[in-house]
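Undergrad: If you want the building blocks of each chain, they are given just below.
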Amino acid sequence: MPALHELQQAFAASMLLEQGSVICNHIIEDGFSAAERLRIYRNTFHATLTAALRMTYPAVDRLVGRDFFDAAAEQFIHANPPSSGYLNEYGGGFGDFLAAFEPARTLPYLSDVARFEWALSFAANAPDLPALQANALTAVDPEYHARLRFEPHPSLRLLGLDYPADEIADAVMSGDDAALAELDASSGPVRLVVHRGPDGIESQRLEPAAFAFISRLCAGEPLERLLESAPAQAPALIAEQLTKGRLEAFRIEKGDS
Amino acid sequence: MHGRARAGIVATAGIGLRFPHHRIVREERPAVGWLEVHPENYMGGGKPLEHLDAIRRDYPLSLHGVGLSLGSADGVDERHLARLERLIERVEPGLVSEHLSWSAVGDKHFADLLPLPLTEEALAAVCRNIDLTQERLKRRMLIENPSTYLRYRHSTVPEWEFMAAVAARTGCGILCDVNNVFVSACNHGFDADRYLRALPRQSIGEIHLAGHTLRKFDDGRSIRIDDHGSCVCPEVWALYADAVALFGRVATLIEWDTDVPPLAVLLEEAAHAEAILNAESADAGVA
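Top line first, the protein sequences correspond to chains A and B.
Its first residue numbered 16, the first sequence is counted upward by one per residue in the working numbering.
Its first residue numbered 127, the second sequence is counted upward by one per residue in the working numbering.
Fair warning: there could be bad hints in the mix.
Unchecked claim - Computed, partial: chain B to chain A, Cβ under 10 angstroms:
id: 1; residue: E166
id: 2; residue: M169
id: 3; residue: G191
id: 4; residue: G197
id: 5; residue: S198
id: 6; residue: L240
id: 7; residue: E247
id: 8; residue: A251
id: 9; residue: R277
id: 10; residue: S281
id: 11; residue: G315
id: 12; residue: D353
Stated by the list, open to error - Computed list of chain B residues with no C-beta within reach of chain A, every gap over 12 angstroms:
id: 13; residue: A137
id: 14; residue: R155
id: 15; residue: E218
id: 16; residue: Q260
id: 17; residue: R266
id: 18; residue: S356
id: 19; residue: A390
id: 20; residue: E406
id: 21; residue: D409
In case anyone wonders, no lab produced these hints; they're calculated from the structure.
This structure is a prediction, so every number in the text was calculated from the model and none was measured.
All C-beta atoms, glycine included, are put in the ideal place defined by N, C-alpha and C.
One chain only, chain B, in its complex shape (with noise of 0.2 angstroms):
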């Protein structure tokens, strides 16, 4: 496509773009190296979508789906995912990714990125669903770890060795969200860095940083609730360090989606993943 930046995302830090940012993005083009949008907001045509073809021209494009309810009994819905083939044709990501959650039963859909059990038959209709995505889309998928507040009394599959066989049966990458990774981790009690060594290295082809909130209760119990509104916490960096030793450079994304700041605070919280991501090369380099 003419005067196109090129499609690929590279190994560096970019941000999620939100509808406040747009115009700001579009004048002031900032120094990041890629940005990733949520497809649903771009699947009907007017301002959003002008924006977006606008943007796509200065940055290589990632799109993170949150409505195809990959995790569903009853398959995708066929309208989103033509939905989505279309807004692909005309922007050509460089990546494409989904959740490891489902949202949708018969036809009611509560738009948010609920809790699969883990279990044999789950994983079956997981795979199916994404073969299905990848071979319609016509190209690799990659799927995000969820952040969970409940798990089920049947689920016989640890969520590390879930993810590694979604990605060993389909083929698809995985979207390592070390956010989720630590806020799952404390909420569930398990060990967030055998999570990340359980995961197939090859298979990352993205990270995900974001700030969550840590809820109290006045009896002293406590839950960590993944709203994407506010910095990445410390020991989500700590973390993320551990996942970039482990993993090498992978293109990360800073994530922000309630009470969204100004986008100077995006730009600085990418500037220290890619800090981050840096330190590993050199690292890497010395090694």
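Next up, chain A with everything else stripped away, as it sits in the complex (with noise of 0.2 angstroms):
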């Protein structure tokens, strides 16, 4: 008699089809054989993810067309097999699964769609937290104000893009065949800055400059050195990040000098 975790193992081996699975013996077989039984479980799990799936990456889905999507999934979940119960984090790695996706390789600007979809969802989903007011930090001394360091809100996700696939997926998901026909793919890169804000999800193109200033600033680095970076823009572009609600905390490390 199996122990309940060796069996729960052997059931998810069966679950991802790999090989030498041994729980077929364990199960009763009137009528039906433990694999079409297993097979139902299997079907139920693939169902469920792949929904979950199209619902994460619509205008991935409409640019292949169901019958891909279904098999891409397929493979995607094979391999990516969820790691919590909670589904809404299910999905991050589509987009690079797509980019090594043999039968893709035609599209090549699908899997900067699928990181685009990837960083809408997440912005959705983000727990709802309020975003840093720029009137909190006249409270801050100024002795202090050079080892300000700022926090992005959680819905915040910075992309650097191969294609302008903001646009693909606006035009696909708007069903702007007329766009989608003037669309130039290979119009080079786009850096994106999506949140939740205010306003709802927003997605922004960024310069070159603004999107290394506001990648430095998420990631923390030090107001006095974000100064040094880009003397005449930083005050306007923190002043922006705040308004948009981009920014939800600072901290002053007391070892900063």
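Make the complex out of the two chains shown on their own, each in a separate frame, by following the hints.
TA: Here's what the structure looks like:
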């Protein structure tokens, strides 16, 4: 008689179609074989996760069509089963998976569209945390200004993509075939900041310098170094991030100088 | 909390609330006793939680979990429990329920309600996980009987005895899914009425009703799949009337997850359940 943990591991191996699962030996076969019974559970597992991926990646789905999406999802799910029961956090690696997915090779921008959609989904599901208000900073003693470090809002993602994935996804989702036909997928890389602010989910394209600055800001570089890196633009850029609700907190580290 | 509906769920019919109905429920406030949602759909922030907060002001709410994996030999996931705890603090549900099943082993989660071997070892594991969860959430929870498509050779305890033992050992209540009793009884050849009669009446805190699919094979074999994608079938309505006669008035929920129909269809199903509850109350009053 298998111990519960062993049995659950053997069941898991069968769900992922791993060779040598011994689960069938433990299942009663009246009317249906163990394999047929297990297939019911495997089908539900696949259907649930494929539906979850389709909800997160609607533009990818429309770009490749249902059958292609299902086939890609099946392989992805096998290689990357969820690690928790909270499915909103499932599927973040689908973009990287598609980049290496042989049948998608003729659509080089597909993985970037997926990365963009993941950022949208991530922003949609991020916890409700209030954004940092500019007036919270007025209470900080000027002596500590140089050491201020900012933390991004948990909904924020910075994306450096090779293809204009935001434009492609928008055209696909709005069903705008004319825009899609005119769209130049090779128009070059885009840098995006995606977050959920007071006005909902927002994606903004950034110039290389602003993107580099916001990346450093969100990585928690102290204000002194941020100001040094872009003396002319820094005040306006920081003010803009505060207004848009892209920052969540600040901290002052005592050891900083 | 200011301007919020009472938390307690009374013994009336409710419906499972799914995303396509968020808006219409907020706008039209249909006359239904209470609503039930999967907490996993509201563990983040943003729009879904905003809808839930608004809806909670008008309706008592039940949280019906699908991701805790109470049957895992590894124990329950601390992160999931923390998320559930936060949501409970926020929406103050009248009921919190989960399933007699498992979903996860090691770091892999299968997003489905998988069948447990019905052994003393599994019973001990389930009770340990329920004890820990109830202690952590500081509340009694309800455990639902599953629909199953397979049985293990080494199972030693009938499912109805297993359910009763879980309730007796942990003090949890039972969410009796009448459709699941029917589906499993057909799939495994046991007597659905016997199952209902074996459940401890005083532990029944909720009843679920849903539709299922009879999948027929060319060679004449068939199996019932619990897909929550259709109306409650006549046999399950009949079994529900038996359950209500046995258990008395119990809060009853209409669940629909696949191909979710217009809200009116769910409300009609709930009205049907309500009529059966009322008929039983009238009988009990006469007797």
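Undergrad: Of the numbered hints stated previously, which ones are contradicted by the structure, given in increasing order?
TA: Those not satisfied: there are none.
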